Each structure stands twice: as C-alpha cells, then as structure tokens.
Amino acid sequence: MKIDNSFKIRTVCGENIVMRQGHVDSDMTQVVSLNSTAAEMWKFFEGKEFTAADVVSYLKDTYGIDDELAKTDAEKWIAKLSGCGFIG
Amino acid sequence: MDVKEYKIAGHTMRIEGASLVNVMSALEGFAPFAVEPGMESPVVTVTCQGTDMMIVPKCERECFVFDSDDVLSTFGETSDGFIFLMAPQYGKDEPLCLWCKRGDSIMYVKGHLEGGPMTERLVRFALWIAYGLATVRKQTIAIHTSTIQYKDKAVLFLGESGTGKSTHTRLWRENIDGAILLNDDSPIVRYVDGKMWVYGSPWSGKTPCYKNEQYELAGCVRLSQAPYNKIRKLRTIEAFAAIHPSCPPDFAYSDYLYDGISETLDVMLQVSPFYHLECLPNAEAAYLSCKTIFGE
Numbered sequence: 105m106k107i108d109n110s111f112k113i114r115t116v117c118g119e120n121i122v123m124r125q126g127h128v129d130s131d132m133t134q135v136v137s138l139n140s141t142a143a144e145m146w147k148f149f150e151g152k153e154f155t156a157a158d159v160v161s162y163l164k165d166t167y168g169i170d171d172e173l174a175k176t177d178a179e180k181w182i183a184k185l186s187g188c189g190f191i192g
Numbered sequence: 087m088d089v090k091e092y093k094i095a096g097h098t099m100r101i102e103g104a105s106l107v108n109v110m111s112a113l114e115g116f117a118p119f120a121v122e123p124g125m126e127s128p129v130v131t132v133t134c135q136g137t138d139m140m141i142v143p144k145c146e147r148e149c150f151v152f153d154s155d156d157v158l159s160t161f162g163e164t165s166d167g168f169i170f171l172m173a174p175q176y177g178k179d180e181p182l183c184l185w186c187k188r189g190d191s192i193m194y195v196k197g198h199l200e201g202g203p204m205t206e207r208l209v210r211f212a213l214w215i216a217y218g219l220a221t222v223r224k225q226t227i228a229i230h231t232s233t234i235q236y237k238d239k240a241v242l243f244l245g246e247s248g249t250g251k252s253t254h255t256r257l258w259r260e261n262i263d264g265a266i267l268l269n270d271d272s273p274i275v276r277y278v279d280g281k282m283w284v285y286g287s288p289w290s291g292k293t294p295c296y297k298n299e300q301y302e303l304a305g306c307v308r309l310s311q312a313p314y315n316k317i318r319k320l321r322t323i324e325a326f327a328a329i330h331p332s333c334p335p336d337f338a339y340s341d342y343l344y345d346g347i348s349e350t351l352d353v354m355l356q357v358s359p360f361y362h363l364e365c366l367p368n369a370e371a372a373y374l375s376c377k378t379i380f381g382e
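Chains as they are written, first to last, in the numbering used here: chain E, 105 to 192; chain A, 87 to 382.
Just so you know, the hints here were simulated from the structure itself, not pulled from any lab data.
Since we're looking at a predicted model, the values are computed, not measured.
Cβ coordinates follow ideal geometry from the N, Cα and C atoms, glycine included.
Fair warning: there could be bad hints in the mix.
Subject to a maximum C-alpha distance of 25 Å in a straight line, what follows is the list of computed PhoX-like cross-link-like pairs (lysine-lysine) [as the list claims (entries may be wrong)]:
# : chain 1 : residue 1 : chain 2 : residue 2
1 : E       : LYS147    : E       : LYS175
2 : A       : LYS319    : A       : LYS239
3 : A       : LYS187    : E       : LYS112
4 : A       : LYS224    : E       : LYS112
5 : A       : LYS224    : A       : LYS187
Take a look, some chain E residues computed to stay more than 12 Å from chain A by CB distance [said to hold, decoys possible]:
#  : residue
6  : LYS106
7  : VAL116
8  : GLU172
9  : LEU173
10 : ILE191
11 : GLY192
Given the sequences, and given the hints that come with them, work out the whole structure.
Quick look at the structure:
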C-alpha cells in the first residue's frame, strides 16, 4: 500500500491537517486532523510502498512497544487513513 | 505608453497595453484604487502587449474547472507556471486567456479585448486571478465573504452562496449604529506588521461597494441558517474548516499556491477568533454576533 501523493500534510496553528479537496457544486472537502504520532507516521511512510508489517516494525522500533500493541495501533492507523481515502 | 496602476491591499498591480487599459476605463470599481504609475515596483504586471503573436502555453494539468453564468473557466498548470482560461459557452463572445510562469510577476492576457459587458466581466475575473496568483505567497488572500466595518475593525461573515452573508451584514447596517459595509464579496486579508488587516477591493460581487480602506480584523463568523439564534466559538480545526472553503478554490489544487494560503491561514487562526452563528434573518442575530465580538 502507499499514501496517495496527492495529499499533503500541513501544520496550521499546531494542528497536523490533511485535506481532501471537494469539487465545485459538491462541497465534499474533508479536513482531517492527525495527532502528532499519526502525523510522524505519515511523514515516515509517505512516498514509500509499505505493508502492515512495516508499520508494526516502525512502531516497535520507534516507541519500544510490544508486538501486540504495535499490531493494534498499526491496524487502527491504516484503517483510519484508508477510511479517509488517503491510502491506496 | 498605455499603462494604469492600482494599489490593492498595499500591492501594486500594473496594467499594460492599449486595449486592456481601455477596458479598465470601463470597469466599475477600480477607479478608487488607481495610483500614479511608476511610483512603486508592481507586484504584478498584467499585459496584453504582443500577446496576439504569442503561443498560449499548454495546460498540462487541469486543477479546477467550473461553469458560472455560461462561462466555462479552467485553472490549470503549465510546464512552468499557471494558466486560466475563460470560455463563454454561448453567442459570439470569445475566450480570454491569462498565463504566467511560476513566481514571475509578469502575466499575459490574450483574447478579444474590444470592450462590451462580456469582455469587462472576463477581464475583471482574470485580474482577480492574476492578483491572487501574485500575492498568495505574500501572506495575502482574497476571501469570499461579506464584510462589515465597525469601530475601526472588520468582521468577516463566511458561508457558501445562499447562506445569507449579505442578509446578515444588511441586518448589522440596519440595526447597529456605525456598522458599514466594507465589501460584499471579495475583500483582501493581509498580514502586515504582526496584525491581520482587511482591505476593500475592486471585487465586490453584485454590490457596488469598492472602498479603498483597511481595518484590523476583529473576528470571523461562519453563518448557517437555523430556526433559532445561537453562537459558539470554534476550535482551531473547526475554524480552518470554516475559512478554507472561502479561499480561492482555483488555488486549492496546487501545492505551490496552497502552501501560501495555509501560511496565511496559520497566522489568521492565531490572531482572530472564529465563531459559528446559527441564525434567523433577524435583528437579534446581528445583535448576538456584534455582542459576541465587540462585547456590547
């Protein structure tokens, strides 16, 4: 999987914001705010092909958490971003 | 030499070329912003000189296409810049094209510039785009809003078309002493010397309100229609979501341009309170937003 490179993370007033632009006549613009960890993960994985196992490894290596928690958190992060259409 | 210059929100826009300058003379709203040419270095020069011999660069990526009152407008990226094409869909009116290189202050206009209502309409819009392109990375944004000046401050009322922005500012004017319309469609906000300022502009929609004046921003109010009046302060992320749709949509699909917008919004959100007003079209709604912002 890969983060869609048409999305860019921006910091506005300390918030990590990703926008999904709508189109005229159907204002479906979504503004998504990521917490600092989710934003760090975005910045680490953007532009790369990665698997769920890569995300688990990243979380274990970066935060020193155990395998089970890393799996749960990785799944949540992937599910949230996929749900917003940011991962394809 | 056929030249006119206008100073809008402190940025000088220079217009060059006989036919374009002729159109400017007929365009309502620009006269209050006219300045003596050559006094200051222009932020943007819009010219039609020699463009009849130029080849219009190819649009490599369409960023934003929309149809408004039978004119199809396309904003896009070329290999090294931006292009804006406006094509009337019916009748004999010809298209008008504006293009520039990324970061360049010279912008070229090509098309039928012999005057008439359609030419004036297209030139007016092309200049709005040209001004926006030239200033978007200079902490300056044209915001789609109806704006009140009151007590030497400005209040922006936000919302999509039909929400009642103009109705709400009319209610301020009719019910609050000293409340005056600054602009009804597209004032300019600009961050200067640690403050966010709101400037009148030559672009005011269907309401002829072209004021060459500036006021410090007091607050922004996102409006929604409701069967009651209720106001609450917005959190940062909500405020961003409230103001983002009021920024030029043409620029939202280019990282280069949107970086400029988000930089200005970043400051704007820090210095200005944002509110959401759910309201009826009545005087109490105006009193409520006024009391919330000005404490009276």
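Hints versus structure:
1. E:LYS147 - E:LYS175: 19 Å, holds
2. A:LYS319 - A:LYS239: Given that 25 Å is the threshold and the Cα spacing comes to 19 Å, the pair holds.
3. A:LYS187 - E:LYS112: Within the cut-off at roughly 23 Å; holds.
4. A:LYS224 - E:LYS112: 21 Å, holds
5. A:LYS224 - A:LYS187: Given that 25 Å is the threshold and the Cα spacing comes to 17 Å, the pair holds.
6. LYS106: Holds: least Cβ distance 18 Å, greater than 12 Å.
7. VAL116: 5 Å, violated
8. GLU172: 31 Å, holds
9. LEU173: For LEU173 of chain E, whose nearest Cβ neighbour in chain A is about 27 Å away, the distance exceeds 12 Å, so it holds.
10. ILE191: Since the minimum Cβ distance to chain A is about 19 Å, ILE191 of chain E lies beyond 12 Å and the statement holds.
11. GLY192: Fine: 18 Å to the nearest Cβ keeps GLY192 of chain E off the interface.
Violated hints amount to a single one, hint 7; each of the other numbered hints is respected by the structure.
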